[in-house]
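Put together the whole structure using the sequences plus the hints.
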Amino acid sequence: MTVEVPIRSHDASTEAILPKAQFDLIPFILVLGLMGFAWLAIGSASSWLTLTVAGLTMGLIIFVIASGLTLVFGLMDVLNFGHGVFIALGAFVATSVMTYAGQAGMGGVVSLFIAMLIAMAAAAAVGWVFERLIIRPVYGLHLKQILITMGGMIIGEELIKLTWGPLQIALPLPEALRGSWLIAEAAIEKYRLLASIIGLLVFGALTLTLTRTKLGLLIRAGVQDRSMVEALGYRINRLFVAVFVAGSALAGLGGVLWGFYQQSVTAQIGTQVNVLIFIVIIIGGLGSTLGCFIGALLVGLMANYAGFLEPKIALFSNIAVMVAILLWRPQGLYPVSDR
Amino acid sequence: MYNPVCKPVYKPLIRLCGVHTHIGAYHILHGIDFEIPEGEVTVLLGRNGAGKTTTLRSMMGLCPASEGKIFFRDTAMEAMPTAEIARLGIAYVPESMGIFSDLTVQENMLLAARQARRAQDLDPERLNWIFSLFPALRKFWLFPAGKLSGGQKQMLAIARAMIEPRVLILIDEPSKGLAPSMVNNLIEALLALKAQRTSLLLVEQNFRMASALGDRVAVMDDGRIVFRGAMADLAADESLQQRLLGLSLGGHGS
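So the sequence lines, in the order shown, correspond to chains A and B. Under the numbering used here, think of the first position of the first sequence as 1, with each following residue one higher. Under the numbering used here, think of the first position of the second sequence as 1001, with each following residue one higher.
Calculated from the structure, these hints are not laboratory results. Check before you lean on any hint, since a few could be wrong.
[To be verified] Cross-link-like lysine to aspartate or glutamate pairs, in silico, DMTMM-like; alpha carbons within 20 Å at most:
1. B/Lys-1176 to B/Glu-1095
2. B/Lys-1011 to B/Asp-1215
3. B/Lys-1069 to B/Glu-1035
4. B/Lys-1176 to B/Glu-1164
5. B/Lys-1147 to B/Glu-1095
6. A/Lys-214 to B/Asp-1123
7. B/Lys-1147 to A/Asp-24
8. B/Lys-1194 to B/Asp-1215
9. B/Lys-1011 to B/Asp-1074
10. B/Lys-1153 to B/Glu-1164
11. B/Lys-1147 to A/Asp-225
12. B/Lys-1153 to A/Asp-225
13. B/Lys-1153 to B/Glu-1188
14. A/Lys-214 to B/Glu-1164
15. A/Lys-214 to B/Asp-1121
Bear in mind that the values here come from a model prediction, so they are computed numbers and not experimental data.
In structure tokens, the structure reads:
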């Protein structure tokens, strides 16, 4: 006997009784609204376009960095304040790779991609060690997690200074990616476009993994109720290590992108970005990848618009966004149920 | 220490010997001796706070026993991680049902079928059987499980335990908060499982459901087993029922 697994609900009446999970578009509208508001406030189309592209790029880079952190938090309730160290590591590995590549006479875009891959591998390896040594002993103990991961971050920063020196290191873009295109009188930097494409690819790949694979299903289920996932026979600790390592690799990639975005790298890069990524994952709803994506775009856009319109408020504009969103949706833009 | 309970004449599926469980500073289980025979329905009765849920959670390794032994056939499982216990073929339906509300009914079922990677891998015969018992699940197959009603969620929770052949299913208060018609539906489904000789351990406060399904019964109070025997004996012996009802079932008996 066989039965077809219903892949579509045909019964129209059931849809009347139980609406399909309506996709919540309001956060998307919020992003568009912010862009529209900025359009009115800035007044010049070309400035607006340049700032918007810069903001979206910054947002997408922050998303790459923060996506791993939100899953790590969602899955295991682990507050990892040491995430920034993987960003710094990625960026510094990129400076070394670019220097070697330059000496080997390989200065093109290829070297940038090689730098990304090596940075991801290095951050993943360090992430694995970080999880074993620092995170594992403090599962379930929030206060200790905060203290020990911050301690881990300080040690990491010092080790980076020991390896690469305490001074700022320039990270110039390969020749081919310098400069910008003029589109409708707005200057669009080539690198920003590339970084945006990479950010979108990461978002696409993460979304596909989370929604179309069993692994993703397990991660989403684990974020909601990890003991039930265990009771169904899955070893969630291994899944967590995998997510942690992948998240660290993404932070390493984000570090490279961020380093090239700033065109210089300091050991404090992680600490600087840490504040932004925590704002982003709180705005998005802890554990939510889509929320993290929208939150990152909001923060990136806001930083650029505010920096242009009123540099004085740029310093706290992101905190203001967070406060406003939490007053409206206290659990973030896309709250994960059952948490 | 010689403990006669731990030397049973027949081979039970699960055997708890002197199990003590602490949750934080609280001592919840005070030396539970108890066994689950294979292929039968064992009902665990007792008032709220007697330790029934903790007994189940200790068996699943979710609240690991601090003392004592738990055997699955001849394997000691008290120190096994939860995932390993589940892989022995033990399914757990918690009182909270443990439904992943952001996931669809299909995705919930897919997770419960550990071998299946995609919906197409689900065993069609079992699925058909489940749909015949719980038609609502077919209807709402692609809906987020969080949108189901309480009764439908309970059906999904039990269906998850049925999607693969299991040796033992632990079910915590399935009838809680359900309408009487829903309870009948549930009894039917559990009888279907029983007919397949799946061993069940049922925590239940509804005596009608307990007596309709149970072969064996154990009554708990204050973290201890205070009565063990055949369900038929308890159902027939009114004075015993009275004593245990007064002790454990409160106003729930009927």
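Evaluation of the provided hints:
{"no.": "1", "hint": "B/Lys-1176 to B/Glu-1095", "verdict": "8 Å, holds"}
{"no.": "2", "hint": "B/Lys-1011 to B/Asp-1215", "verdict": "16 Å, holds"}
{"no.": "3", "hint": "B/Lys-1069 to B/Glu-1035", "verdict": "12 Å, holds"}
{"no.": "4", "hint": "B/Lys-1176 to B/Glu-1164", "verdict": "25 Å, violated"}
{"no.": "5", "hint": "B/Lys-1147 to B/Glu-1095", "verdict": "18 Å, holds"}
{"no.": "6", "hint": "A/Lys-214 to B/Asp-1123", "verdict": "17 Å, holds"}
{"no.": "7", "hint": "B/Lys-1147 to A/Asp-24", "verdict": "15 Å, holds"}
{"no.": "8", "hint": "B/Lys-1194 to B/Asp-1215", "verdict": "10 Å, holds"}
{"no.": "9", "hint": "B/Lys-1011 to B/Asp-1074", "verdict": "9 Å, holds"}
{"no.": "10", "hint": "B/Lys-1153 to B/Glu-1164", "verdict": "18 Å, holds"}
{"no.": "11", "hint": "B/Lys-1147 to A/Asp-225", "verdict": "17 Å, holds"}
{"no.": "12", "hint": "B/Lys-1153 to A/Asp-225", "verdict": "15 Å, holds"}
{"no.": "13", "hint": "B/Lys-1153 to B/Glu-1188", "verdict": "16 Å, holds"}
{"no.": "14", "hint": "A/Lys-214 to B/Glu-1164", "verdict": "17 Å, holds"}
{"no.": "15", "hint": "A/Lys-214 to B/Asp-1121", "verdict": "12 Å, holds"}
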